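**Q** First to last, the sequence lines map onto chains X and P.
Under the numbering used here, the first residue of the first sequence is numbered 5, with each subsequent residue one higher.
Under the numbering used here, the first residue of the second sequence is numbered 10, with each subsequent residue one higher.
Take these hints with a grain of salt, some might be off.
Pairs of lysine-lysine residues, derived as DSSO-like cross-links and limited to a Cα-Cα distance of at most 30 Å, are as follows [as the list claims (entries may be wrong)]: (1) X:Lys89 - P:Lys129; (2) P:Lys104 - X:Lys89; (3) P:Lys104 - X:Lys41; (4) X:Lys41 - P:Lys33; (5) P:Lys33 - X:Lys89; (6) X:Lys41 - P:Lys129.
In short, the hints are calculated from the structure, not lab data.
Computed from a predicted model, the values in this text were never measured in an experiment.
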Amino acid sequence: MVRRPQEYDDIPGTFVFDAERSRQGYGINMFCMSLMKEENRRAFKTNEAEYLKRFQLTDEQRDAILKRDYNRMLELGGNIYFTAKLGATDGHSFQHLAAVMTGSSQQDYAAMMLAGGRSVEGNRSRSGKDKHARGRGKGKSQAKSKSTAKRK
Amino acid sequence: MATIIAGVGSSHVPAIGAALDNGKTEEPYWKRVFSGFEKSKEWMAKTKPDVAIVVYNDHASAFSVDMIPTFALGCAAEFPPADEGWGPRPVPVIKGHPELAAHIAQSVILDEFDLTIVNKMEVDHGLTVPLNLLFGQPRHAWPCPVIPLAVNVVMFPPPTGHRCYMLGKAIRKAVESYPRDLRVVIFGTGGLSHQISGPRAGLINSKWDKAFLDNLSKNPKKLTRIPHVEYMREAGAEGIEMVMWLIMRGALDNNVEEVYRFYTVPASNTAVGHIILENRSRAGRRRSAASKGKQAPRRKTNHRLAA
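Chain X extracted, bound-state conformation:
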């Protein structure tokens, strides 16, 4: 289960759903997919641990699902479009899940979005090593984009 390091692992707060995670997380995602059916949602809610036996899950994965640890699910191969179905089964809005994953209250998260979202500044890289690359790739376009600013 050792992941080979990837360039995108340097992006903070992000679990990229790559082919390796897709392989590991097949059980999580197919479990979530099963929740598209009402009868399955009912069976799951009646006895969660029992229902999860239908899927190939590691102990860690099962634990993350039962605890609704959404970030851990992503880390262990879950994909957000799938895990969101678990949130919906619990009756939560997507914004609730987003707030949970970011460790903020739903109110704070909603306010952040209304104010223009989370800034990319300071959120590009764990190591800070992207700064040079950024200067090269972005300098021009940032200057250029000014005229189109039309945020309402």
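Given chain X's structure and the hints, the job is docking chain P onto it.
**A** Chain P only, in chain X's frame:
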């Protein structure tokens, strides 16, 4: 001969669909979003394409992780709206254009794009929301047939921006070798910047988005060189959907006329971007080259729309 006359880029945020379906379009939050598409609907009503090719991605609706096709072309006669957990969206069934779709499949596969042919598929908000934004909310039927092209942008790696751009070119070649006179509009959907997963969820990068739109219009080749990691770093993990816009762009002329653009933050967790690009040759082809003089007034109208 069939012709691609224009390209439309549009976000496909699911909450926009929910706002439409639940009658929230007049609420200030949503009015801000929908007002940006009023001119686009006028444009579409005037343009009246015969067929729309819609490049979009499925969000764990038609495809689970059992099958993850990189490019899947919808060749069916119709595509029902998918049940995404709240019942299917109350939109008309999407009628396909199986004949043109089959022709495109045959042409692009021989051009070395090994896409998957799908003869049975439900379509989710990724396809239906942009249709609503451009065609409004028809009760019984969409005004033209639609050919869905589903692209995997859910599992990394999606196809590269360059690959998408070249597929667009192959699609254009396919359309132009179709013997019937059809006027085709191609949609690129998804984005713009957004991240909805993990502790960095909520990321928006307006500067990056606007540069993307500028380059899409004027210098698309520059965009084809952006590596995936840059999309994810700058525009959010899910912002990588923007590669789909390059299929649309690749299907257009090198030099296009940008007739309309709209950008607003946020809709739900996402930056909403929208652009309409016209092939300059469109008017000529449409009027079967009756006279060149007719093209000029048409272009002026488009400029007014852009203002």
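**Q** Could you tell me which of the hints above the structure violates, numbers in ascending order?
**A** Violated hints: none; all satisfied.
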